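K.L.:
Listed below, chain by chain, are the residues.
There are 2 protein chains.
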Amino acid sequence: MTTISKDTKLLTLINVFTVEPAKQQELVALLIHATQSSVRHAKGFISASLHRSLDGTRVAMYAQWRSVEDYQAMRNNPTASPYMQQAVALAQFELGMYEVVETFSPAAA
Amino acid sequence: MTTISKDTKLLTLINVFTVEPAKQQELVALLIHATQSSVRHAKGFISASLHRSLDGTRVAMYAQWRSVEDYQAMRNNPTASPYMQQAVALAQFELGMYEVVETFSPAAA
Chain V
832 MTTISKDTKL LTLINVFTVE PAKQQELVAL LIHATQSSVR HAKGFISASL HRSLDGTRVA
892 MYAQWRSVED YQAMRNNPTA SPYMQQAVAL AQFELGMYEV VETFSPAAA
Chain C
832 MTTISKDTKL LTLINVFTVE PAKQQELVAL LIHATQSSVR HAKGFISASL HRSLDGTRVA
892 MYAQWRSVED YQAMRNNPTA SPYMQQAVAL AQFELGMYEV VETFSPAAA
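Residue numbers (the working numbering), protein chains in the order written: chain V, 832 to 940; chain C, 832 to 940.
Just so you know, these hints were derived from the structure itself, not from any lab. The structure displayed is predicted, hence computed values, not measured ones. Each residue gets a CB set at the ideal place from its N, CA and C atoms; glycine is no exception. Wrong hints could be hidden among the right ones.
Unchecked claim - Calculated from the model, a selection of chain C residues having no Cβ within reach of chain V, i.e. all distances over 12 Å: (1) A853; (2) A904; (3) R906; (4) S912; (5) P913; (6) M915; (7) Q916; (8) Q917; (9) A920; (10) L921.
Said to hold, decoys possible - The calculated label-pair distances, taken between Cβ atoms and stated as ranges, are: (11) C:P937 - V:N907: 11 to 21 Å; (12) V:E930 - C:A853: 11 to 21 Å; (13) C:Q916 - V:Q923: 21 to 31 Å; (14) V:Q867 - C:N908: 35 to 45 Å.
The task is simple: from the sequences and hints, build the whole structure.
P.N.:
Here is the structure:
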């Protein structure tokens with residue numbers, strides 16, 4: 832389980848992969864394997880949440896890291912790169928580094 | 832605060848806006864106002880979390896709804912549309928509807 836809050840001052844990575852619907856499941860399986868076996872062992876990793884688009888054309892990873900430095904260190908670690916190369920072969924992707932500005936709850940709780 | 836879990840069976844909307852850095856703050860302010868005054872009053876709204884990219888070029892909204900139908904009803908409600916038109920004038924955006932496939936925690940908790 833992941834919590835989103837503006838008070839935690841974490842780095843948020845939002846990575847949206849665009850994929851052929853016939854390959855969405857393969858990409859999902861690859862990202863699960865990469866995160867389980869490699870990414871979640873890295874220093875400074877807080878959480879990751881993997882999403883599949885209902886129309887089959889996208890996969891999105893919402894991840895939290897303690898700092899930009901911790902995330903960059905994982906990216907520079909060669910054990911993660913085979914997975915990244917496989918993901919590049921399956922999908923286009925757009926990666927962004929974010930901070931949480933605000934969170935909103937229902938008006939009538 | 833927002834919680835991400837695959838067990839809740841919510842609809843997740845991930846909306847990534849691409850914006851000129853000089854207009855990022857204006858877009859953030861518009862989305863805060865739209866969510867506070869309109870979106871969070873809608874039936875089926877669960878949560879929204881607004882993010883600003885560190886490089887200034889993007890804004891991302893991560894939102895949870897009870898169902899696709901509830902989300903579509905909000906989009907079809909005319910009170911939300913002026914904000915959407917203003918957002919379109921400020922930024923390009925790409926909207927996706929997702930379900931959570933898996934969440935990951937650190938290997939060494």
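K.L.:
Determine for every hint whether it applies to the structure shown.
P.N.:
Checked hints:
1. A853: About 17 Å separates C:A853 from the closest Cβ of chain V, which puts it past 12 Å; holds.
2. A904: Given that every Cβ of chain V is farther than 12 Å from that of C:A904, nearest at about 15 Å, it holds.
3. R906: Its Cβ never comes within 12 Å of chain V, the nearest being 15 Å, so this holds.
4. S912: Non-interface label on C:S912 holds, nearest chain V Cβ at 19 Å vs cutoff 12 Å.
5. P913: holds (18 Å)
6. M915: Nearest chain V Cβ is 16 Å from C:M915, so the label holds.
7. Q916: For C:Q916, whose nearest Cβ neighbour in chain V is about 21 Å away, the distance exceeds 12 Å, so it holds.
8. Q917: The claim stands: C:Q917 keeps its Cβ more than 12 Å from every Cβ of chain V (closest is about 17 Å).
9. A920: Label holds. Min Cβ-Cβ 20 Å, cutoff 12 Å.
10. L921: Holds: least Cβ distance 15 Å, greater than 12 Å.
11. C:P937 - V:N907: 11 to 21 Å: At roughly 19 Å between Cβ atoms, V:N907 and C:P937 fall inside 11 to 21 Å, so the hint holds.
12. V:E930 - C:A853: 11 to 21 Å: holds (18 Å)
13. C:Q916 - V:Q923: 21 to 31 Å: The hinted range 21 to 31 Å holds for C:Q916 and V:Q923, with Cβ atoms some 29 Å apart.
14. V:Q867 - C:N908: 35 to 45 Å: For V:Q867 and C:N908 the Cβ distance comes to about 41 Å; the hint holds.
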